[in-house]
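Novice: Using the numbering used here, you'd call the opening residue of the sequence shown number 1 and step up by one each time.
Because the hints were derived from the structure by calculation, they are not lab data. Any given hint could turn out to be false.
[As the list claims (entries may be wrong)] Cβ pair distances, simulated, as ranges:
(1) T61 x N26: 19 to 29 Å
(2) L39 x E79: 42 to 52 Å
(3) A50 x R21: 47 to 57 Å
(4) V63 x A34: 50 to 60 Å
(5) D75 x D38: 36 to 46 Å
(6) P66 x D38: 49 to 59 Å
(7) C32 x D75: 42 to 52 Å
(8) V42 x D75: 29 to 39 Å
(9) D62 x D19: 29 to 39 Å
(10) D75 x A34: 50 to 60 Å
(11) E88 x V28: 48 to 58 Å
(12) E10 x I60: 28 to 38 Å
Please read all numbers here as calculations on a predicted model, not as lab measurements. Positions of the beta carbon are idealized from the N, C-alpha and C atoms, including for glycine.
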Amino acid sequence: MFRALFAEVEVDAAGVYQDHRVTQANYVCLNCGAPALDLAAVPADLEAQAQEDESSAPAITDVLCPVCETMVQLDENMECPNCGSPLEIS
1 MFRALFAEVE VDAAGVYQDH RVTQANYVCL NCGAPALDLA AVPADLEAQA QEDESSAPAI
61 TDVLCPVCET MVQLDENMEC PNCGSPLEIS
């Protein structure tokens with residue numbers, strides 16, 4: 001048997017248990033006290049983390065600076081690293 005470490009418990013005004021929700025998937029073994037986790041949830045968590053990393057990765061674009069006429073790679077900075085002029089991606 002395992003006990004949830006991070007769980008929200010809903011009780012009514014009299015203090016009687018209504019429902020619970022596990023906020024983080026961390027558990028403790030009731031026999032030995034060792035921390036445990038649900039191995040079946042690991043692949044889904046890894047996939048969710050990979051999708052989050054892909055969506056937060058900055059898009060890098062090659063553009064020609066109209067001022068100094070050099071090819072530069074732009075990310076979220078949006079200015080030429082050579083001359084400092086502001087650039088737009090169209």
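Novice: Look at each hint and say if it fits the structure.
Specialist: Checked hints:
{"no.": "1", "hint": "T61 x N26: 19 to 29 Å", "result": "violated (41 Å)"}
{"no.": "2", "hint": "L39 x E79: 42 to 52 Å", "result": "holds (47 Å)"}
{"no.": "3", "hint": "A50 x R21: 47 to 57 Å", "result": "violated (25 Å)"}
{"no.": "4", "hint": "V63 x A34: 50 to 60 Å", "result": "holds (55 Å)"}
{"no.": "5", "hint": "D75 x D38: 36 to 46 Å", "result": "holds (37 Å)"}
{"no.": "6", "hint": "P66 x D38: 49 to 59 Å", "result": "holds (55 Å)"}
{"no.": "7", "hint": "C32 x D75: 42 to 52 Å", "result": "holds (49 Å)"}
{"no.": "8", "hint": "V42 x D75: 29 to 39 Å", "result": "holds (32 Å)"}
{"no.": "9", "hint": "D62 x D19: 29 to 39 Å", "result": "violated (54 Å)"}
{"no.": "10", "hint": "D75 x A34: 50 to 60 Å", "result": "violated (44 Å)"}
{"no.": "11", "hint": "E88 x V28: 48 to 58 Å", "result": "holds (54 Å)"}
{"no.": "12", "hint": "E10 x I60: 28 to 38 Å", "result": "violated (47 Å)"}
The structure is inconsistent with the numbered hints 1, 3, 9, 10, 12, although it conforms to all the rest.
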